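Chemist: This is what each chain is made of:
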Amino acid sequence: METVDRLLKKNRFELVLLLPLFLYFLVFVALPFLYNLLLSFSPASGSLGLTAYREVFSDPRFGSAVVNTLVISAVSLALELFLGLGLAMWIFKARGRWARIWRLAFILPLGVPGIVSAANMRYIFDVHGYLNAILQRIGLLKGVVDWMGGGWPSLLAIAVADTWKVTPLVMLVLLAGLKSIPKELYDSARIDGADAWQEFFYITLPLLRRFITMAIIIRGIDAFRIFELPLALAGNNIPVLSTYAYFEYAQYDSPATSAVAGLVLGVMVLVFVLGYIKVMGEG
Amino acid sequence: MGLVVRTAMRGMRLLGLLLVLGWVVFPVYLMVKISLSPPEAVLRPVPEIGLHRITLEHWRRLLSSGGLYPPLIKSLTVAGLTVLLSLLIGVPSAYAIARLPRNWSYRLSVAMFLSRMLPEVVIALPIAVIFIRLNLLDTVMGLVFAHTVKALPVACWLLIGVFRSIPRDLEEQASVDGATTWQILFRIVIPLSLGGIAVAGVFAYLLSWDEFTYAIYLCLAKPTLPLKVYYYVNRGDWFLTSAYAVVTTLPVIVLTYVLHLFLREDVFAGSLKE
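Just so you know, the sequences run in chain order A and B. The opening residue of the first sequence carries number 1 in the working numbering; numbering runs sequentially from there. The opening residue of the second sequence carries number 1001 in the working numbering; numbering runs sequentially from there.
Don't take each hint at face value.
Computed beta-carbon distance windows for the label pairs [stated by the list, open to error]: (1) W1023(B) with D187(A): 31 to 39 Å; (2) G1016(B) with G49(A): 55 to 63 Å; (3) Y202(A) with D1177(B): 51 to 59 Å; (4) M280(A) with W1023(B): 25 to 33 Å; (5) F82(A) with R1006(B): 21 to 29 Å.
Quick caveat, the hints were computed from the structure, so don't treat them as lab data. In this text, all values refer to a predicted model and were calculated from it rather than measured experimentally. For each residue, glycine too, the CB sits at the ideal point set by N, CA and C.
Isolated chain A (complex conformation):
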């Protein structure tokens, strides 16, 4: 390729500087990925084969891990975008000192490590935990709800817990988007007699599109890979793909099936990102 040729000639200094980065990614990203691929073909059994793939795909727990991952991702992504956009618009409108104060208040979860937020959520969603206590106190609940007993309540609880931790990030990205919209657009819309809803749907949303796309892609990737939250909240009871992979390795001592589950997760993330970009038609 001609362009590569030119790059090599004109930018030798830059390429030398890039060498450590390149080597690092080779050794600690590319090689592990290839080794993971090799592990998935069960080299431990003596010959390469698809045993691990067959084993994983016929495991009902794997099926529910896939479903759980999809449900949790979809619910938490929707909640985070909705809340994140609402908070960003509030802060954007507040202006001045109040905008700063609200912003600093709402970013509190950014400073809480993932495993700590998981531990805190356990206090809340435990059978004898604080959510049930509050619901009983305000009279919404007579008995108790076993939030982590499995099924929809558990998936919902995990999605809500994830929303707690991540909404600030979505909020900040969308706030940056709101600040990038020229004010003149709103002024002229108001002169033309547009109401708040029209402003939102015809100016704010379309111009935020790039930022929403970015938030969805960044957050989508992380939502699929969710790990410590379901691990600490529900352990092996409610597997998602990451925790499934972890338990296959750490508890059942089976690197091959763990590798398969990890690869499936990787493919899901890839399909999500490429699919989203294709549907939304953005380069």
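Given chain A, put chain B in place with the hints provided.
Modeler: Leaving out everything else, chain B in the frame of chain A:
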């Protein structure tokens, strides 16, 4: 009429906002509260929500067990070395990417972003399997290498933005005056970017300090602080969980707020805006 409706709407919004604020603060409040509560206030069918009685028993247990310092020291060392390694590799690379022609620098930024799509478990598993063979499990350096995988792209993005903001004229002027490219990098670019480099370092520190997935794969007998929290979660000890959680959270909350007092949200969007 219009005014009444508008005031009502505003009131509703403020109420909603206060509810959200309560929801944001409540889990953090609980963590601190439980670490200070006597067991009979927490371990009962309906736990007390307010902090009526205070005990330092759990903190005494935490400090006297001797279990705190090894993980604390390991977390500190690993995070510190991750910062060092990330900057050592990240500063020159980001400078190079910032100087490359636009299309190449864009491609490299995207490639780094795509590396994030690989699930951590896909990278952690092979590293763990190899580390077992090389006897590197539980070592500080092993974990530093893994954490750098996570911190390096983030540090690079931030640094690319930092280096782009340095006027090229300055570098061209220096090269007219006879400075070599290395001199320009070390005498002009880096000294002018110290603030930005520090920010990238703090981000790398936070990523490593919070990190859980690589840690659980690569540590057995010598946990980091997040693993210690998980250990007590598993044991069902709510009080030591909360005490360790407070210890793990305190430095991060402080650093996060320091960052956000200085930074605008563009930092999070900036490097991807192209």
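Chemist: Checking each numbered hint in turn, tell me which of them this model violates, lowest number first.
Modeler: none
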